[in-house]
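Put chain B on the given structure of chain A with help from the hints.
Chains as they are written, first to last, in the working numbering: chain A, 1 to 391; chain B, 392 to 774.
Errors might be hidden in some of the hints.
Pairs of lysine to aspartate or glutamate residues, derived as EDC-like cross-links and limited to a Cα-Cα distance of at most 16 Å, are as follows [as the list claims (entries may be wrong)]:
hint	chain 1	residue 1	chain 2	residue 2
1	A	K110	A	E93
2	A	K251	B	E710
3	A	K358	A	E260
4	A	K353	A	E260
5	A	K358	A	D322
6	A	K222	B	E710
These are computed hints drawn from the structure, not numbers from a lab.
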Amino acid sequence: MSELCVVRYAEIFLKGQNRHFFEERLQRNLRAALRPLAGAHVRRLHGRMLVDPGPAGVARAIELLARVFGVASLSPALVVPPDLEALGAAALELTRVEVARRAGAPPSFKVETRRSDKRFPLQSPQVSQEIGARIVAALALPVDVHDPDVLVTVEIGVERSFVFAATIPGPGGLPVGTAGRVTALVSGGIDSPVAAWLAMKRGCEVEAVYFHSFPYTGDRTKEKVRDLCRVISAWHGPMTLWVVHFTDVQKALRGAGPAELAVVLYRRMMLRIAAERARLSGSKALVTGESLGQVASQTLDNLAVIDDAAPMPVLRPLIASDKTEIIATARRIGTYDVSVQPYDDCCSLFTPKHPATKARLQHVEAAEARLDLAALAAAAAAQAERFEVTP
Amino acid sequence: MAGPATHIYLDNAATTRTDPRVVEAVVRCLREDYGNASSLHRLGIAAEQALTAARAQVAAAIEATPVEIVFTSGGTEANGLAVLGAAGAARGRHAVASAVEHPSVLGSLKLLEEQGWEVTLVPVDADGRVDAEAVVAAVRGDTAVAARMLVQNEIGAVEPVAEVGALLRRAGSRCVFHVDAVQGLGKLPLSVRDLACDTLAVSAHKVHGPKGTGALYVRKGVRLRPLVGGGKQERGVRPGTENVPGCAGFGVAAALARAELPAAAARMAALRDRLVERVLAVEAGARLVGPPPGAHRACYSATLAFPRVPAEALLHALEARGVYVSSGSACASRQRGRSHVLRAIGLADHLETIRVTLSRETSEAEIDAAATAILAALGEIRA
Numbered sequence: 001m002s003e004l005c006v007v008r009y010a011e012i013f014l015k016g017q018n019r020h021f022f023e024e025r026l027q028r029n030l031r032a033a034l035r036p037l038a039g040a041h042v043r044r045l046h047g048r049m050l051v052d053p054g055p056a057g058v059a060r061a062i063e064l065l066a067r068v069f070g071v072a073s074l075s076p077a078l079v080v081p082p083d084l085e086a087l088g089a090a091a092l093e094l095t096r097v098e099v100a101r102r103a104g105a106p107p108s109f110k111v112e113t114r115r116s117d118k119r120f121p122l123q124s125p126q127v128s129q130e131i132g133a134r135i136v137a138a139l140a141l142p143v144d145v146h147d148p149d150v151l152v153t154v155e156i157g158v159e160r161s162f163v164f165a166a167t168i169p170g171p172g173g174l175p176v177g178t179a180g181r182v183t184a185l186v187s188g189g190i191d192s193p194v195a196a197w198l199a200m201k202r203g204c205e206v207e208a209v210y211f212h213s214f215p216y217t218g219d220r221t222k223e224k225v226r227d228l229c230r231v232i233s234a235w236h237g238p239m240t241l242w243v244v245h246f247t248d249v250q251k252a253l254r255g256a257g258p259a260e261l262a263v264v265l266y267r268r269m270m271l272r273i274a275a276e277r278a279r280l281s282g283s284k285a286l287v288t289g290e291s292l293g294q295v296a297s298q299t300l301d302n303l304a305v306i307d308d309a310a311p312m313p314v315l316r317p318l319i320a321s322d323k324t325e326i327i328a329t330a331r332r333i334g335t336y337d338v339s340v341q342p343y344d345d346c347c348s349l350f351t352p353k354h355p356a357t358k359a360r361l362q363h364v365e366a367a368e369a370r371l372d373l374a375a376l377a378a379a380a381a382a383q384a385e386r387f388e389v390t391p
Numbered sequence: 392m393a394g395p396a397t398h399i400y401l402d403n404a405a406t407t408r409t410d411p412r413v414v415e416a417v418v419r420c421l422r423e424d425y426g427n428a429s430s431l432h433r434l435g436i437a438a439e440q441a442l443t444a445a446r447a448q449v450a451a452a453i454e455a456t457p458v459e460i461v462f463t464s465g466g467t468e469a470n471g472l473a474v475l476g477a478a479g480a481a482r483g484r485h486a487v488a489s490a491v492e493h494p495s496v497l498g499s500l501k502l503l504e505e506q507g508w509e510v511t512l513v514p515v516d517a518d519g520r521v522d523a524e525a526v527v528a529a530v531r532g533d534t535a536v537a538a539r540m541l542v543q544n545e546i547g548a549v550e551p552v553a554e555v556g557a558l559l560r561r562a563g564s565r566c567v568f569h570v571d572a573v574q575g576l577g578k579l580p581l582s583v584r585d586l587a588c589d590t591l592a593v594s595a596h597k598v599h600g601p602k603g604t605g606a607l608y609v610r611k612g613v614r615l616r617p618l619v620g621g622g623k624q625e626r627g628v629r630p631g632t633e634n635v636p637g638c639a640g641f642g643v644a645a646a647l648a649r650a651e652l653p654a655a656a657a658r659m660a661a662l663r664d665r666l667v668e669r670v671l672a673v674e675a676g677a678r679l680v681g682p683p684p685g686a687h688r689a690c691y692s693a694t695l696a697f698p699r700v701p702a703e704a705l706l707h708a709l710e711a712r713g714v715y716v717s718s719g720s721a722c723a724s725r726q727r728g729r730s731h732v733l734r735a736i737g738l739a740d741h742l743e744t745i746r747v748t749l750s751r752e753t754s755e756a757e758i759d760a761a762a763t764a765i766l767a768a769l770g771e772i773r774a
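Next up, chain A with everything else stripped away, as it sits in the complex:
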């Protein structure tokens, strides 16, 4: 008897002709996620995948697989010889584990059997009845064939037969790499790492860009951003972080226009530099952590003016999220504790006391007209420091 993990994917079925491409990529990502485990294997079955975790065991494998986007759910399964005794014993053991895990009142259950090996002497309903009776006899659980708390599944195949009783939800989404590459603007705050993570969830391969304002911001913030990327790379695999040295650009911008436009000017410049980085890396869009109305630079008027500077689509996965929702996601994915460490953008020197909430494009363009924007953006993008971040 050995333990495997059944991996299910849901949304990929919707993808018609592309299904093969999505499945290939999912299998590749599952393999990459399991790389820390020696001797692990991923096999494609019809409409799902079967993971043999190797000597590390199924619990450790599930920890890693639960971070692979595209996975709808996971079930630890016992592989047994195709005879009723072995199948029944495995079903009983797994049901016992489920009952213990749930605690409280005894859960209802149902046994479902799929038999693709038609040489097996009993028909599927008979197998279910036989095994169900054993579970009732041993554990005295109520049967509920319509809405069971525990669904015990028995699969009798030609190559192998297995049983599972628990279903663990996966992260959903689409396999990373199936949607193309994006460049995410990441700071040390709470929102932007969540936005980058959401882009990953929808299948994007993500590279990150962080704008560093040394000496106004210390290198601890740079370390913090690397830590944040490390956290989200657990869902993505190794990722690239570009650190753009932004101080000189900021100083040039600050001198160019009225103080209340400073934030909008910085944001427009960040998009230009990130877009230049994106062009060099073959990214098709930018990703930011903006949420409508959250701060002065995120009013609809200002977003419109900021967007005007971007030569490619700007994806804003958090645009309609409340701060509390963003924080909840940040906590769930593990970025929150890093984000709230106190090394964020320290300096109020570059931030006006009363930033404009309704910047006018003509005023912004007048301020920018004094500068060689393309040269500034190209230089900043070219001089960016590169870090490879791994989970």
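Chain B only, in chain A's frame:
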């Protein structure tokens, strides 16, 4: 990014460079005297001898006797053991300290408050000094501990601590008088007799010794309740197998501090004054925070305040020039806000501070380069 070519280390109140002679003593102990000082065989005896020698060296540096030295894991534990240990052994329910004590003392007092103790924090003047009579006036019949620091770590004020000791003795108070001398060792002459204290905390890494080692002087006759239970090491007050290598390093560091003190203190004070004068001569709005140079200011420390300059930006701009200092107050935009010490002395809101602290290793050339770097960094930040 590659760091700057030179390092001018002026953050010696945070920690100091380990003296090579200390490193040698620690390594020798790690290699050779690895026995447990409590073991009966000769390896144990060798370790015990190393410990005894270190204890004598630390005792000599503060004019105590070796039997009065309890080795700890550092200044924080020494302060905690004094405050909580004295409270645990006493019948009183009241403690006295000042508003500018080190977090290890204030934190220990907070633990007492949570247990129902009453704590009186005596306020400070604008230079960060605490009037001795005000401290003694706060002591009551049920006061179990009075704690004062000798040198204020953030602003370098030398506090009137001996006066407190003398007044308490004259008043016949039975409370334990604790002195936090972590920033005093190696900076000014230290004598537990002159201070008339019952306990006194010192730390190795502030005097070119190893981190993770400190000591508490416990005057003969003073009873402390240990913070953890265990064996009979360190008179039972601080049980646990002794950190012999750390203590040996501390011993050497304390001996060096004592031997080099008079000359080193005079040199540090002169260099510190040179730096302050150079900066203030150019920066009209800047000023020295804390007592003016002289007997009330520790020789190694200068806390400089600049109007409308973010201190952390200045710190990082200096870092880029290879000069390492601390910032005394965080940016106004930051929730962390300013330190309890800067609040206590009422520093104006538009001022932010950096703390420059020298060591006996600091050279004149480094000070001149640091002064130039500070002026250039200020220019860069304002640009």
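Right, here's what the structure says about each hint:
Distance check on the hinted pair: K110 (chain A) and E93 (chain A) sit about 15 Å apart at the alpha-carbon level, within 16 Å; holds. For the given pair, K251 (chain A) sits about 20 Å from E710 (chain B) by alpha-carbon distance, which is inconsistent with the 16 Å threshold. Proposed proximity of K358 (chain A) and E260 (chain A) is supported: the alpha carbons are some 10 Å apart, at most 16 Å. With a C-alpha separation of about 8 Å, the suggested pair K353 (chain A) and E260 (chain A) falls inside the 16 Å cut-off, and the hint holds.
A hinted pair counts as satisfied when its Cα atoms are at most 16 Å apart, and K358 (chain A) with D322 (chain A) does not qualify at roughly 21 Å. The hinted pair formed by K222 (chain A) and E710 (chain B) meets the criterion: a straight-line CA distance of about 15 Å does not exceed 16 Å.
The structure shown violates the earlier hints numbered 2 and 5.
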